[in-house]
Amino acid sequence: MKTRVTRIAASAGFVAAVAIGVTHAQAPRSAQDGVYTDAQAARGQKVYDTQCASCHGPGLKGLAAPPLAGDVFAASWQGQPLSELASKIRNTMPADAPGTVSAASAADLVALILKSGGFPASRTELASGDDALKAVSWPARPAAAQAAGTVKAYPPLGNMAQLMRGVFFPNSNLLFTVQTRDPAAPQPKPTPEQEKQGFSVFDWGQGIYGGWQTIDNAAIAIADAGPLMLTPGIRCENGRLAPVTEPDWIKYTEDMMAVARKMYKLSQSRNQEAVSDATGDLSDSCAACHNAYREVRVRGRAPDPTDPSNKSNRCLSRSTAK
Numbered sequence: 003m004k005t006r007v008t009r010i011a012a013s014a015g016f017v018a019a020v021a022i023g024v025t026h027a028q029a030p031r032s033a034q035d036g037v038y039t040d041a042q043a044a045r046g047q048k049v050y051d052t053q054c055a056s057c058h059g060p061g062l063k064g065l066a067a068p069p070l071a072g073d074v075f076a077a078s079w080q081g082q083p084l085s086e087l088a089s090k091i092r093n094t095m096p097a098d099a100p101g102t103v104s105a106a107s108a109a110d111l112v113a114l115i116l117k118s119g120g121f122p123a124s125r126t127e128l129a130s131g132d133d134a135l136k137a138v139s140w141p142a143r144p145a146a147a148q149a150a151g152t153v154k155a156y157p158p159l160g161n162m163a164q165l166m167r168g169v170f171f172p173n174s175n176l177l178f179t180v181q182t183r184d185p186a187a188p189q190p191k192p193t194p195e196q197e198k199q200g201f202s203v204f205d206w207g208q209g210i211y212g213g214w215q216t217i218d219n220a221a222i223a224i225a226d227a228g229p230l231m232l233t234p235g236i237r238c239e240n241g242r243l244a245p246v247t248e249p250d251w252i253k254y255t256e257d258m259m260a261v262a263r264k265m266y267k268l269s270q271s272r273n274q275e276a277v278s279d280a281t282g283d284l285s286d287s288c289a290a291c292h293n294a295y296r297e298v299r300v301r302g303r304a305p306d307p308t309d310p311s312n313k314s315n316r317c318l319s320r321s322t323a324k
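Those letters in the sequence shown? Residues 3 to 324, by the working numbering.
Don't take every hint at face value.
To be verified - Heads up, simulated SDA-like pairs for lysine to any residue below, C-alpha to C-alpha not over 25 angstroms straight-line:
#1 Lys136 <-> His292
#2 Lys136 <-> Ala41
#3 Lys63 <-> Lys90
#4 Lys267 <-> Glu239
#5 Lys264 <-> Pro192
#6 Lys253 <-> Tyr211
#7 Lys136 <-> Pro30
#8 Lys191 <-> Gln164
#9 Lys63 <-> Gln34
#10 Lys253 <-> Asp283
#11 Lys267 <-> Ser78
To be verified - Here are the simulated distance ranges between beta carbons:
#12 Glu197 <-> Ile222: 28 to 36 angstroms
#13 Glu197 <-> Gln80: 15 to 23 angstroms
#14 Gly213 <-> Ser124: 34 to 42 angstroms
#15 Pro229 <-> Gly81: 13 to 21 angstroms
#16 Ser56 <-> Asp250: 43 to 51 angstroms
What the hints contain is simulated information worked out from the structure, not anything from laboratory work.
All values derive from a computational prediction rather than experimental measurement.
Every residue, glycine too, gets a C-beta built ideally from N, C-alpha and C.
Put together the whole structure using the sequences plus the hints.
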């Protein structure tokens, strides 16, 4: 009986030790903790010199492409796992030969970027596996650094409908096209009839910045233009002030921006199925706001876009519209 109790106690101790080990292994880590080696950063420097320096410049200070060091660069990655940066390097770099950087080389380049950013080295190399990279994040910026400076405000030129039609509608539709067309696929050749008619401004623009770059740009446009929907003084198509201080309007706007940021990250994976699946979230975020503010629906009848009374209720919540 004594031996059995001893074995049970020993087993319990072993399970507890394993649990502690697993908890420790899964504990979140920051780049400040030292997650790469100097030797790994040196390897990353060799890769950088041959594949990155021509665009990002010597010393990672930027040239034709943005810098990969400094406060602005670090701020753009704050709080994100290192896997996001490594994935961007693997899938989208170099710009003239995306997808040619191996996972190991991407990890070495991340090590170089960390070293250039002043993060401490350690005796353990940064692993190239996605799970390992997800376990390490960039540190968040101090609140004082985020609050520096005063931003000048500019009054809006257009109304909410014009903003929607000029920015959010066309860029959302570009994202929706991923459902039926792989951005990496070659652009279909125009028919003889289309060649006679000439090309549109959209054909011209996407011919230069085509493929996945079009999807990247569309997601960024929605995310970064989102705050314009909260501009004080912006009016609706009917002249009514947009409800930019209403909690649900703010929530709908922030939800749309969050989905757009998510879609940009997914676009960096160059995975058509992943981006296509996320378009459902984008559609839902748009519909939530439209159903509340764009039109007042009558039960059993679809709204008529040509009915002037429909526009008269734009930007007026369904809960208060009459």
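Verification of the supplied hints:
{"no.": "1", "hint": "Lys136 <-> His292", "result": "violated, 36 angstroms"}
{"no.": "2", "hint": "Lys136 <-> Ala41", "result": "holds, 22 angstroms"}
{"no.": "3", "hint": "Lys63 <-> Lys90", "result": "holds, 18 angstroms"}
{"no.": "4", "hint": "Lys267 <-> Glu239", "result": "violated, 33 angstroms"}
{"no.": "5", "hint": "Lys264 <-> Pro192", "result": "violated, 33 angstroms"}
{"no.": "6", "hint": "Lys253 <-> Tyr211", "result": "violated, 32 angstroms"}
{"no.": "7", "hint": "Lys136 <-> Pro30", "result": "holds, 9 angstroms"}
{"no.": "8", "hint": "Lys191 <-> Gln164", "result": "violated, 32 angstroms"}
{"no.": "9", "hint": "Lys63 <-> Gln34", "result": "holds, 21 angstroms"}
{"no.": "10", "hint": "Lys253 <-> Asp283", "result": "holds, 15 angstroms"}
{"no.": "11", "hint": "Lys267 <-> Ser78", "result": "holds, 13 angstroms"}
{"no.": "12", "hint": "Glu197 <-> Ile222: 28 to 36 angstroms", "result": "holds, 32 angstroms"}
{"no.": "13", "hint": "Glu197 <-> Gln80: 15 to 23 angstroms", "result": "violated, 48 angstroms"}
{"no.": "14", "hint": "Gly213 <-> Ser124: 34 to 42 angstroms", "result": "holds, 39 angstroms"}
{"no.": "15", "hint": "Pro229 <-> Gly81: 13 to 21 angstroms", "result": "holds, 19 angstroms"}
{"no.": "16", "hint": "Ser56 <-> Asp250: 43 to 51 angstroms", "result": "holds, 49 angstroms"}
Hints 1, 4, 5, 6, 8, 13 from the list above are not met by this structure, while the remaining hints are.
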